[in-house]
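Here's the letter readout for the chains.
Number of protein chains: 2
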Amino acid sequence: MFIKLHLSFMKILTFSLLVLTSISSATANDAVLKQSEIKQLNELKNIALSSTLSYDLIESLTTEVGPRMMGTPGDELAVKWAVAKMSALGFDKVWTEEITNQQWLRGEAEARIVAPYPQKMVVIALGGSIGTPEQGITANVIHFNTLADLQAEKTGSLTGKIAFVSYRMAKHIDGNGYGKAVGTRVNGASIAAEKGAIALIMRSVGTDDNRIAHTGVMRYKEGVNKIPAAALSNPDADLLVNQLKRGKTVSFHLKMTSSIEEHIIVKSANVIGEITGSELPDEIVAIGAHLDSWDVGTGALDDGMGVGMVLAAAHHIGNLPVRPKRTVRVILFAAEEIGLLGAKKYMQLHNDEMKNHVLGAEWDFGLGRIYQMKTGVGANALNAVRELAQQLAPLGVSLAPQNDANAQSDMSLLSKAGMPSINFSPDGSDYFDYHHTENDTFDKVNLEDLQQNTAVYTMFAFFAAQAAVDFRK
Amino acid sequence: MFIKLHLSFMKILTFSLLVLTSISSATANDAVLKQSEIKQLNELKNIALSSTLSYDLIESLTTEVGPRMMGTPGDELAVKWAVAKMSALGFDKVWTEEITNQQWLRGEAEARIVAPYPQKMVVIALGGSIGTPEQGITANVIHFNTLADLQAEKTGSLTGKIAFVSYRMAKHIDGNGYGKAVGTRVNGASIAAEKGAIALIMRSVGTDDNRIAHTGVMRYKEGVNKIPAAALSNPDADLLVNQLKRGKTVSFHLKMTSSIEEHIIVKSANVIGEITGSELPDEIVAIGAHLDSWDVGTGALDDGMGVGMVLAAAHHIGNLPVRPKRTVRVILFAAEEIGLLGAKKYMQLHNDEMKNHVLGAEWDFGLGRIYQMKTGVGANALNAVRELAQQLAPLGVSLAPQNDANAQSDMSLLSKAGMPSINFSPDGSDYFDYHHTENDTFDKVNLEDLQQNTAVYTMFAFFAAQAAVDFRK
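Chains as they are written, first to last, in the numbering used here: chain A, 1 to 473; chain B, 1 to 473.
Just so you know, these hints were derived from the structure itself, not from any lab.
One or more of the hints may lead you astray.
Same chains, same label: a pair holds when it works inside one copy or across any pair of copies.
What the hints assert, rightly or not - The list that follows gives simulated cross-link-like pairs (lysine-lysine, PhoX-like), each with its CA atoms no further than 20 Å apart: (1) K444 x K226; (2) K93 x K245; (3) K444 x K221; (4) K93 x K374; (5) K120 x K444; (6) K245 x K161; (7) K161 x K171; (8) K195 x K355; (9) K226 x K325; (10) K355 x K444; (11) K171 x K444; (12) K248 x K161.
All values reported here derive from a predicted model rather than from experimental measurement.
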């Protein structure tokens, strides 16, 4: 008890010292931003807050393109859409960077409880899964509360069975329940196969109570038998648990026509556009999102919101009378959902240029307002980011005390390669209600929240492109 | 303005007089309920508030039976389930009353926007609709904001077109948006057909934003060409509206394999059970719900909740040391969804007995707590129902000043035939998020709200069976 109190006290002390340090350093040094730049930041804020551009872009993407998984017509259309939009929005340069991959076909999925109480199940194939034999699989269900419980099962003990993991994802503002739930989706099939299972079914990685199942990528472990993997909608997982609770053997039928088409090579592309810097054009401020989506829903949130915000942010900056010093590069990554394929390609093509990526941020989570900014910059840039934080504070954005942030999603690869990064945390409480489902549609986008978030990204990108400071570590 | 103020003042005056009358009459006359009966009412309240019986019954019905549309195996199973539960719960008499009808088969429904921007649509056949030709229908969409707009269209003006009504149902605690929206579902197809349309599509009658469409019964007008009728999920209706907004011709494909099988006669049955009265066994207090559901979801709310509540209420009363004076009759009506078929049969079979139905109530709306009680009883019974209201007040139930209530749903036919009725109004704000969809599942049932509502029905049924008053008009 004493130790705990002591630690708490130390934490408070440390935090107080940090705050004091922040304040003193912010006042002791000369400001990085000029008054004219602060004025421009606030003009950009007002423009973004009153513009519907990011909203209209998402409406356009979801209405005219819709779902856009790599290998589908929608993805091809999305690349054309993005090139056309960047050109129309006045970007100085626009180009694409092609990627290829083997095709995965979702096909159809259907499932039902056969016994003791026959009922239909709402189910979706996990992305990358193989299908079942043509007649489907009918087998008894063995129930695990967690992936760890499945992992603890003896090898061979599930021979001929369907493994079912019913772990329930928790809802949090920062989406931290996802990391605890997603392991079953990604690795569950091979873990179940190692125990002898012939299929994996799981409660969806999602926080809703809709009879709509959540897809998302899964991977097979090399050398392990590939088995089909599917997610049940959450009410269906509840129903299956309720039948299992009665202690009777539960027989389950799963039929999926999904397939990995190794011989069919499909293409996609990163779509990249720049507002070229006026003084330091080789120094790149990177703002990104991913252009692809799953093939369910219209990808309004994942990641239409990001696409709309970064395109609008660059447009607002490009509309200023004078270009900022550095280049603002918008990267719309290809094929994020199936394994960061566009980001990997980007790393290959821009490896030499990576040291010129002076600061970056990606939006690929959440739908509510940004409430926090986390930095991962060189120590000499901390005063500068504090000045940005001061400008963002009226929008309800606080500055996290740590300076260890990595960029999200695709840009995590750029962060790992040394790119300084800012991570903006939006309210993601409801994000996993919709994530990777048919429910990821435009009606979930709130105009005012989006305007606020677009304002943050616009101010951030302008600040990073203009501030007389080196953000690098 | 003056007139309005004057009227408002009159309303206040009238209301005040009503309140004063209530209070004075309640105090001036002898109480109907004896102290021992009030004690029993409160014992029943405590039993119902602490029992999970109604919840367990809904769990059982949704887990072991599931969807139960007339003509499906689930409905047959539901009848057996209800008979078995009534017997197990100690009812004094249990019987069924068979009904027959022609079969309607849902089949499969699929739809997509063909042009200008191809996209899949989530769609469901309305109950009773015919299907499309085998190859489906592909035609241009003509958009109407309301059924009145469609109605105002000239005869023949929609020849070869698909009529689309995008009316958006509003959310209210008492569900009053339903009446304004449901006309398109029930009558829209024939109205569209009269104008020459070859199909009707509509925004779902529902208040959610889920990509799950709402079914529900539709009817064809005699002498009018039958056309297929389907509802789009609300996000899909939004997407279609967004494409239409661009002013381009929108081509739509609809394929439905629904069919009316006039030659196939299917059966179902009302399931009825009684706790027989100790002194006036021929006088019937009727509490009801409908046993059938749509073939989507598991009918947890519509009307599993009602089934659970009225079964539990009768059981709690039957568990008292002494039967109340009158008979408590639980009626689980068949085939409500497709047109009150069970209720119509009940009226045929019990017409002579209708004068002995001394008071009735049905639950077929809402999922939140009951906040109001509306009466439709003889004037000489008003004091008695005020005494019941006093006992229900601690549960948050107020007494509406009017005395013109009819029972809901199936029992509306009994009300019309003269049965005095009580209508309990629950919070139905979210009811039409789930109504007639796959989302009508057990996880939406809140135990504490259900316990409270079960307590109200239990107290009501005991009161009606025991009070020394004639409720008839």
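Next on the checklist: Hints numbered earlier in the text: which of these fail when held up against the supplied structure?
Outcome noted: 1, 2, 3, 4, 7, 8, 9, 10
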